[in-house]
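Participant: Assemble the complex: chain A is given as a structure, and chain B must be docked to it using the hints.
So the sequences go chain by chain: A and B.
Just so it is clear: in the first sequence, position 232 is 232 by full-length UniProt numbering, and no numbers are missing.
Just so it is clear: in the second sequence, position 7 is 7 by full-length UniProt numbering, and no numbers are missing.
No false leads were mixed into what you were given.
Pulled a few chain B residues facing chain A out of the computed Cβ check, cut under 7 Å:
1. R9
2. V11
3. L12
4. A13
5. A15
6. A16
7. G18
8. E251
9. S253
10. D254
11. G266
12. P268
13. Y269
14. L270
15. S271
Hints in this document: simulated from the structure, not taken from any laboratory.
Heads up, the beta-carbon is just placed ideally off N, CA and C, and yes, glycines get one too.
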Amino acid sequence: MLETIASAQVFVLALLLLMGTIAKIATARGAAEPGALARLGPAVLVGERWRAPAMYCCAAGELLLALGLIFTELPIFRWATIAFFSMATYVLLELRRRRPDVGCGCFGEVSARPIGLRSIGRTIALTGMAVAATWSPASVLSLLIPTPGLSWTLLATGVGGALLLLAALSPELEETIARLRYRAPCEQRPFPPAAGLARLRGTAAWRAHAPLLLSEQPTDIWRELCWRFFSFPGRTPDGEMVDVVFALYLSGRRPPVRVAMVTADGEPVTNLAESIPVSA
Amino acid sequence: MTYPTPDRRRVLAAAALGRNAHTSGEVVSGGVHRRGAAPAYGDAGVSAGTDEGTRAHPAPVRAVVGEVRDVSPHLIIVETPDGHEERLVIAPWATAWRGAKIAPADLPQGAGVIIRTLRDGKVAEQIWSDITRITGTILSIVADGKDQVVELDCGPHRGRRSIRIPYRASGRIQVRHPKFEPGYLFDAIGVRGEHGAIAYLPATSQPAYRATAVPSPPPVYGGAQSRLSGAVTWADTFDEEEHGASYPMLERSDTGCADSEISCTGLPYLSLGSMLTIRNVCADRSATVPIVACGCLAGRFCDRCVECDTSPRGRIAELSPISFVELGGDLTKGCFNALVGLG
Numbered sequence: 001m002l003e004t005i006a007s008a009q010v011f012v013l014a015l016l017l018l019m020g021t022i023a024k025i026a027t028a029r030g031a032a033e034p035g036a037l038a039r040l041g042p043a044v045l046v047g048e049r050w051r052a053p054a055m056y057c058c059a060a061g062e063l064l065l066a067l068g069l070i071f072t073e074l075p076i077f078r079w080a081t082i083a084f085f086s087m088a089t090y091v092l093l094e095l096r097r098r099r100p101d102v103g104c105g106c107f108g109e110v111s112a113r114p115i116g117l118r119s120i121g122r123t124i125a126l127t128g129m130a131v132a133a134t135w136s137p138a139s140v141l142s143l144l145i146p147t148p149g150l151s152w153t154l155l156a157t158g159v160g161g162a163l164l165l166l167a168a169l170s171p172e173l174e175e176t177i178a179r180l181r182y183r184a185p186c187e188q189r190p191f192p193p194a195a196g197l198a199r200l201r202g203t204a205a206w207r208a209h210a211p212l213l214l215s216e217q218p219t220d221i222w223r224e225l226c227w228r229f230f231s232f233p234g235r236t237p238d239g240e241m242v243d244v245v246f247a248l249y250l251s252g253r254r255p256p257v258r259v260a261m262v263t264a265d266g267e268p269v270t271n272l273a274e275s276i277p278v279s280a
Numbered sequence: 001m002t003y004p005t006p007d008r009r010r011v012l013a014a015a016a017l018g019r020n021a022h023t024s025g026e027v028v029s030g031g032v033h034r035r036g037a038a039p040a041y042g043d044a045g046v047s048a049g050t051d052e053g054t055r056a057h058p059a060p061v062r063a064v065v066g067e068v069r070d071v072s073p074h075l076i077i078v079e080t081p082d083g084h085e086e087r088l089v090i091a092p093w094a095t096a097w098r099g100a101k102i103a104p105a106d107l108p109q110g111a112g113v114i115i116r117t118l119r120d121g122k123v124a125e126q127i128w129s130d131i132t133r134i135t136g137t138i139l140s141i142v143a144d145g146k147d148q149v150v151e152l153d154c155g156p157h158r159g160r161r162s163i164r165i166p167y168r169a170s171g172r173i174q175v176r177h178p179k180f181e182p183g184y185l186f187d188a189i190g191v192r193g194e195h196g197a198i199a200y201l202p203a204t205s206q207p208a209y210r211a212t213a214v215p216s217p218p219p220v221y222g223g224a225q226s227r228l229s230g231a232v233t234w235a236d237t238f239d240e241e242e243h244g245a246s247y248p249m250l251e252r253s254d255t256g257c258a259d260s261e262i263s264c265t266g267l268p269y270l271s272l273g274s275m276l277t278i279r280n281v282c283a284d285r286s287a288t289v290p291i292v293a294c295g296c297l298a299g300r301f302c303d304r305c306v307e308c309d310t311s312p313r314g315r316i317a318e319l320s321p322i323s324f325v326e327l328g329g330d331l332t333k334g335c336f337n338a339l340v341g342l343g
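Same shape as in the complex, but just chain A (with noise of 0.2 Å):
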């Protein structure tokens, strides 16, 4: 039973691995082109002639797996999956930190909602995946023929069960959602700023800085693609006068927020808060 489960990943796996591929490979053929409205995945952290290479070869190496899960009983790529995904966290994890705006671009152009808790427990639920794909001794290739001891049901459980626990981690399927309401992307959507600003304040970011600010009232509210930015008069704990600003990203239900303190020569205040780690 196990072992029929731990199959059913393999084949989980082989299918997110071919379609990354192939997005990849449609949003680095339109990345040729200079003019890109939002920039995705990892490759945003390298050189601009460097991006479209990237992503061709992250396409190449999901190929490769890909192909040898599919056709191969080779452990070789099973740890190797596992490697892909681990990295995969951690690159995520790095961009996150570094690009906050950036999507993973995991699926291409329809991954570019800012990477949140989602995206990466998604990853970390692939190198779980494929973790206990390595019980199987099974190729993809190998599952498809009839044999004695596999049970179909069970296999279409294994499969539907990981499929779904993945596109409850899937922030992609929220964005398609909504533009089958909405009938337009998200950075062409009005959204009036005051739903915004009211939207902003039930937020846990809100409610951290929100004794920082001299003001409640915005001095300035502007909007870039699926960003809405709001700049409040503030004064760090240490007495400095610093503009407070929220970015809050205007698509899904628990929108992402972030945080910015800039002095008035444009310097970035790092909150102490953030910047030490808590260890007791």
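Facilitator: For chain B alone, coordinates are given in the frame of chain A:
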């Protein structure tokens, strides 16, 4: 607390989203960085005029704006708005435009010029004198002898303007403006004169709808919008040496203008201060320019640019004349096909 400005917005947005804000700024034009014109932003995601960086860069173009102090067949001396004197060699193939093509040596002293230069701004290649663009909604048309005087509403930021269409240009303009009557859009290129602007060339084929009946953008299918493709034009409502663009899809609360947020093409929302990376696909040049004004009127034009190929419908942005020239545009043609992204 600081007073909100577009530059400040860039700094704050960069801090919030972990981008690099280059407030001192560089602009890339034709693959060459030029300092001090406008700030670059974001990743400084500026392409150097080619797709992959493998092809040769086109020669850099610098535009010079000023007033003619002296001109001879081989040399033109121009006083720039900041009081400097630029001495430019006139290339043997150079032409000038002042209502019609003329020899550069025939330019009058004191005429305002914008010059496309080569060789680090030392050689004048193309000169436009007192050129103006007249874009608006026709309010009234009055005959004055054989000429026509047209009153235009040039949008909430530009006000009303009265222009003259001389008899010799009226046929050429009206053939591209079949609905030459109040309520319809008008777009022409002409010359600034002592008694107002004089239109000589049509700048587009007039849209067939009334200015108040702009078609809705087509429904969007597929994934997220990754880039914009369409026509980029120019307008002369910018300061003389200003690098920048006006963009239609700015929020009304941002611009204080009830005419923004109108476009016949699906444009994403941006704000004053956002940076646009514009690539002229006809001349293969790219630049990053800030949005400095509302393109209320540009959004009403659902036309195509046929400069080097037929562009998709709709105007994405209006550039200042100097930015337009440095991106390889010809002011008398009025537009170029462009790919536009966020800078």
